[in-house]
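Construct the complete structure from the given sequences, taking the supplied hints into account.
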Amino acid sequence: FTLTALSFAALAIAYATSDFSVANVWDNSHSLQPLIYKITGTWGNHEGSMLLWVLILTFFGALVAAFGRNLPAALRANVLAVQGAIGATFFLFILATSNPFARLNPAPIEGRDLNPILQDLGLAIHPPLLYLGYVGFSICFSFSVAALIEGRIDASWARWVRPWTLVAWMFLTGGIAMGSYWAYYELGWGGFWFWDPVENASFMPWLGGTALLHSAIVMEKRSALKIWTLLLAILTFSLSLLGTFLVRSGVLTSVHAFATDPTRGVFILGILTLFIGGSLALFALRASRLTAGGLFHPISREGALVLNNLFLTTATATVLIGTLYPLAVEAVSADKISVGAPFFNLTFGPLMVPLLVLVPFGPLLAWKRGDIFAVAQRLMAAFAAALLAVLVTALFIDGASVFAALGVGLAFWLICGALTDIAVKSGFGTVAPGVMLRRFAGLPRSVFGTALAHLGLGLTTLGIVGTLCFGTEKILSMHAGETVQLSGHMLRFEGLYPAQGPNYSED
340 FTLTALSFAA LAIAYATSDF SVANVWDNSH SLQPLIYKIT GTWGNHEGSM LLWVLILTFF
400 GALVAAFGRN LPAALRANVL AVQGAIGATF FLFILATSNP FARLNPAPIE GRDLNPILQD
460 LGLAIHPPLL YLGYVGFSIC FSFSVAALIE GRIDASWARW VRPWTLVAWM FLTGGIAMGS
520 YWAYYELGWG GFWFWDPVEN ASFMPWLGGT ALLHSAIVME KRSALKIWTL LLAILTFSLS
580 LLGTFLVRSG VLTSVHAFAT DPTRGVFILG ILTLFIGGSL ALFALRASRL TAGGLFHPIS
640 REGALVLNNL FLTTATATVL IGTLYPLAVE AVSADKISVG APFFNLTFGP LMVPLLVLVP
700 FGPLLAWKRG DIFAVAQRLM AAFAAALLAV LVTALFIDGA SVFAALGVGL AFWLICGALT
760 DIAVKSGFGT VAPGVMLRRF AGLPRSVFGT ALAHLGLGLT TLGIVGTLCF GTEKILSMHA
820 GETVQLSGHM LRFEGLYPAQ GPNYSED
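Numbered by the working numbering, the letters in the sequence shown go through residues 340 to 846 in order.
Bear in mind the hints are in silico, worked out from the structure with no lab data behind them.
Every residue, glycine too, gets a C-beta built ideally from N, C-alpha and C.
There could be a bad hint or two in this list.
Listed next, with one range per pair, are the computed distances between beta-carbon atoms [claimed, not checked]:
hint	residue 1	residue 2	range
1	Leu798	Pro681	24 to 30 Å
2	Gln824	Leu798	54 to 60 Å
3	Ala441	Ala620	48 to 54 Å
4	Ser785	Asp710	17 to 23 Å
5	Pro681	Pro783	39 to 45 Å
6	Leu624	Asn438	35 to 41 Å
7	Ala771	Thr341	54 to 60 Å
The calculated DSS-like cross-link candidates involving lysine-lysine, where the alpha carbons are at most 30 Å apart (straight line), are [unchecked claim]:
hint	residue 1	residue 2
8	Lys764	Lys560
9	Lys764	Lys707
10	Lys560	Lys707
Right under this line is the structure:
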């Protein structure tokens, strides 16, 4: 980690000082660029971003080495060995195909500049957050392969995997959110998701990571779903590696794609085969020897989380098929096709709606054996709020369809369901206010985390419904002084005027 950090610092200093004898700096920087964009330009290209990738990978390995003293010695050694093997292959990839320190002699006087779209604060935040998510799942993968090598899983395994999963999932969520915001204000992309192949490359590990997080909770609390958790840890990081391949191999055409060098693609494909194929083969050999864990009734917290995992993994599979199908068709028949939003909306949407309906039930069910009718009674207030939202939308909002009203109702069902969970566990309406406040203050942090995540899911649903059902978009060519009527507003195009920035001119 120290040596990788040193090499990354060397590249960052070359960018900060505009050292154009380094080909990577010459190709992606300019002496007049503001310093912040010189530094963020370090990872605004394929070679520099791969160096950031391995820096984060070695950082996570170093954390396990430093803080994993309480782990069984054999497990710790195996985890570090797997993590080291991943690092070694990616260092080899960088050295063989993507050297960020290739030199130019003589050194050019001036650089070629960084793409103006990348001269933005979004580049400082979006890629590092995404990589912390992608690469964070490598630790979960290393723990899974280490457990399969050893042939056993114990409580310390589960206690270690869940925090890593949570950290990686949080960073990946933040990275995707920042990317959405950046695309919105920089490129004028409205909507909420475009099903672009590279967007999907980050969405698939997110879905897999969400399932893994829920599975790891059951394993830690109840010592159940061990095999599920192992497999999900392998698949989530495998999807991260697949995303790296899609972005950097040139096999997909996308506004995001980094590189179009087939040599790099073949090398990453080899890495994919080694780690995905190797880990799944090891899983096939060893999984039958592992004990499945505790038993539980289908109507229980564990049962709800299994159902959640089934929905999420199926949804991930539909996104994977939609993303890779054009590649498969082109490889077999040389025909070029594109799979767009209609496919994803018709496959992914129907899978998500029943899952969202069931989400508020999960946290309120008891472990091992739950009472679905008692939970339904506790959720009556949330259901009433959702029904009211449906009626208000249908009766008072112009242009609201049945689907729009039901979508708004579903969003309120999720939001009020998340608040109900906290209210029930605090004893709202059943104990004195003072006791309720003490209970509220004493709730485990995981209860607030769950409620916040599910509440966020409700807000996201509300945003998606708003965009799909109440948005208006018109694309047209206009001259200065012309007006257009849009959704009850009169817009006038005043005209273009020139302006001068610190290192650019603009209209």
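Now the hints, each set against the structure:
no.	hint	verdict
1	Leu798 x Pro681: 24 to 30 Å	holds (26 Å)
2	Gln824 x Leu798: 54 to 60 Å	violated (31 Å)
3	Ala441 x Ala620: 48 to 54 Å	violated (37 Å)
4	Ser785 x Asp710: 17 to 23 Å	holds (22 Å)
5	Pro681 x Pro783: 39 to 45 Å	holds (43 Å)
6	Leu624 x Asn438: 35 to 41 Å	holds (37 Å)
7	Ala771 x Thr341: 54 to 60 Å	holds (57 Å)
8	Lys764 x Lys560	holds (18 Å)
9	Lys764 x Lys707	holds (18 Å)
10	Lys560 x Lys707	holds (11 Å)
This entry does not satisfy hints 2 and 3, going by the numbered hints stated previously.
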